[in-house]
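The residues making up each chain are set out below.
There are 2 protein chains.
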Amino acid sequence: MKIAILLYDKFTALDAVGPYEILSRLPGAELCFVGLEKGPVRSDTGRLAITADASLDETPSAELLLIPGGPGDEAACAEQRILDWVQRIHEGSKWTASVCTGALILAAAGILDGVQATTHWARYARLEELGAKAKAERVVRQGKIITAAGVSAGIDMALELAAAECGEDVAKMLQLGIEYDPHPPFDCGSPDKAPAALAEMVRASMRANRA
Amino acid sequence: MKIAILLYDKFTALDAVGPYEILSRLPGAELCFVGLEKGPVRSDTGRLAITADASLDETPSAELLLIPGGPGDEAACAEQRILDWVQRIHEGSKWTASVCTGALILAAAGILDGVQATTHWARYARLEELGAKAKAERVVRQGKIITAAGVSAGIDMALELAAAECGEDVAKMLQLGIEYDPHPPFDCGSPDKAPAALAEMVRASMRANRA
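Chains as they are written, first to last, in the working numbering: chain B, 1 to 211; chain H, 212 to 422.
Hints in this document: simulated from the structure, not taken from any laboratory.
Accuracy of the hints is not assured; some may be wrong.
[What the hints assert, rightly or not] 25 Å max Cα-Cα, derived BS3-like pairs, lysine-lysine:
hint: 1; chain 1: H; residue 1: K249; chain 2: B; residue 2: K10
hint: 2; chain 1: H; residue 1: K221; chain 2: B; residue 2: K38
hint: 3; chain 1: H; residue 1: K221; chain 2: B; residue 2: K2
hint: 4; chain 1: H; residue 1: K249; chain 2: B; residue 2: K38
hint: 5; chain 1: B; residue 1: K10; chain 2: H; residue 2: K213
[Stated by the list, open to error] Which stretches of chain B does chain H cover? Using the computed rule of at least three CB atoms under 8 Å from a CB of chain H, they are:
hint: 6; region: 12-26
hint: 7; region: 143-153
hint: 8; region: 157-164
hint: 9; region: 175-182
[What the hints assert, rightly or not] Derived coverage of chain H by chain B (criterion: at least 3 residues anywhere in the stretch with Cβ under 8 Å from a Cβ of chain B; other residues may be distant):
hint: 10; region: 224-234
hint: 11; region: 386-396
Even glycine gets a Cβ: it sits at the ideal position worked out from N, Cα and C.
Work out the full structure, taking the sequences as your base and the hints as a guide.
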């Protein structure tokens, strides 16, 4: 299965690398990181760069398209070459997936009109503005479109995709391989579990990063 | 805080990027990916490259050293320049950390002699051979040395480090920011929860990847 993961300036690295760690190990997978141009693409912190091994123009199709989120999402939504490419790949894809605010890019490309989808909890309103029906769930699947909540949710989504595509045994083996038996030290990973003040600090930090 | 994450040929990307996503956002953090030489370093699948923004020689010290694992661990353990660098950085570090089989590299550098540590569940015996006291726990801390189990455990470890270094509120805010409220689709992320046949398949796959 040909898998394309989009990279763009100021993406969030774990959005891409969490699913990559699962999907690249599916039997028969040919995964490629794709950017506007070939070469290193910097993440939102400026401290990490992943190489785009192909340009958009070199990637005419993919069976699985995955769009990560990040504070560069709005700039990506304003880049017509990205929107055109996302539309084109989606037309022929078997699966179209996003993590975190990658859903906003799918929506800006017109793919989520009236579609149930999720994104980072702080960005539901923006997802609705762009025409999707935002759902506060960790992973939302409607037809071939599958969207994950914020950042780390991409790992859960990728395991669901692995099971749907290759069966539960493959997914379970991959989960065991990455020893994904999570034990977060705190129980505050979603806004309904965290103090309101913390959630407001995260919102403010995300606004500052987008500015 | 100056943070150095080592990259080497055939590292496992999520081992590095999980902790990076937390640690790079600590107040005052200056995180750098470090390789034998500057430039892109390929992960174990061959499908991803992260840029080393500094060489070992350009990195004389760090307050937090983090070593990821991966099937390239044995080759890294045989590279004297890496072992010398790890020893040197560890001498002056505030924290020395590993994820997955990154612990084997710490052990090969002589840092884990008689020290309680963990690694990927399939590699406890190798960790013991190299002089450490292997513990089947998700995160093990002894003094300034903190080691995490396989791959995804680095996220849990980084949140513990965040709390130890900057307080629980900062750690909780970062956890909420990456929406780390994990919902794995299966409960088979550790060998005591998974069928023995699956565990043997993972072991075989890891042996093949190292060969």
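Now for the hints, and whether the structure bears them out:
no., hint, result
1, H/K249 x B/K10, "21 Å, holds"
2, H/K221 x B/K38, "21 Å, holds"
3, H/K221 x B/K2, "22 Å, holds"
4, H/K249 x B/K38, "18 Å, holds"
5, B/K10 x H/K213, "22 Å, holds"
6, 12-26, "holds (count 9)"
7, 143-153, "holds (count 5)"
8, 157-164, "holds (count 3)"
9, 175-182, "holds (count 8)"
10, 224-234, "holds (count 6)"
11, 386-396, "holds (count 11)"
Of the numbered hints stated above, none is contradicted by the structure.
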